[in-house]
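Q: Here is how the chains run, residue by residue.
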Amino acid sequence: DGGITQSPKYLFRKEGQNVTLSCEQNLNHDAMYWYRQDPGQGLRLIYYSQIVNDFQKGDIAEGYSVSREKKESFPLTVTSAQKNPTAFYLCASSFSGSSYNEQFFGPGTRLTVL
Amino acid sequence: GQQVMQIPQYQHVQEGEDFTTYCNSSTTLSNIQWYKQRPGGHPVFLIQLVKSGEVKKQKRLTFQFGEAKKNSSLHITATQTTDVGTYFCAGVHRQAAGNKLTFGGGTRVLVKP
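Taken in order, these protein sequences are the chains called A and B. With our numbering, the residue at position 45 of the first sequence is 45, and numbering never jumps. With our numbering, the residue at position 63 of the second sequence is 63, and numbering never jumps.
Just chain A, with the same shape it has in the complex:
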């Protein structure tokens, strides 16, 4: 089945630790995105990548890092510099090349900092 997967579903982290969230897609999409969602809030863009080996900061990139070494994968690292990392993290992908493409979302990872 084609789709976008994220792991783990739930993640607990101690303060001061870095943690990496996985995002994989087999939809042959060029573009991938990371969003953060806080309870009762909308989605805020952290980072996005339109092509392998290239990525851009979104609106709230501070304290996060990404890599895009393969078309299928776009892992997100939440670093210890992120002041308030507890949130629901959503990965998405889409075709690129025009601004008229829907985004497909993964099931998300709920990160809790203890």
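Hints may contain errors.
[Said to hold, decoys possible] A partial selection of chain B residues facing chain A, derived with a Cβ cut-off under 10 Å:
id, residue
1, Y22
2, Q37
3, Q48
4, S52
5, K56
6, T82
7, T86
8, F88
9, A90
10, T102
11, F103
12, G105
13, G106
14, R108
15, V109
16, V111
Quick caveat, the hints were computed from the structure, so don't treat them as lab data. Source: prediction; values computed, not measured. Don't be surprised by glycine CBs; every beta carbon is placed ideally from N, CA and C.
We have chain A already, so just place chain B on it with the hints.
A: Just chain B now, with coordinates in the frame of chain A:
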């Protein structure tokens, strides 16, 4: 900065009634998309509007894009319990690079049976 605002934030609807949620952008949009997120789930694409004044229908859902391409609305008729969830609009601003979407805060819909 580029912002997208949605109202109302919450919508309590009696089953069978109609309601409308509104989306307003601070700048002109290239297109607008609507997504639905069920409780505990992830956003799922509903529709995309591109042309000024465009109207699209999906069964009981009617989507509109304003003439100035700065606002949009979603109207649901004869609300059902399956309509429960949060509806997000997301716009691509003309000045934005690539496919970067700016999401509104969402309208959380609760249906009273």
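Q: Please write out, lowest number first, the hints stated earlier that are contradicted by the structure.
A: Of the numbered hints, 1, 4, 5, 6, 15 and 16 do not hold.
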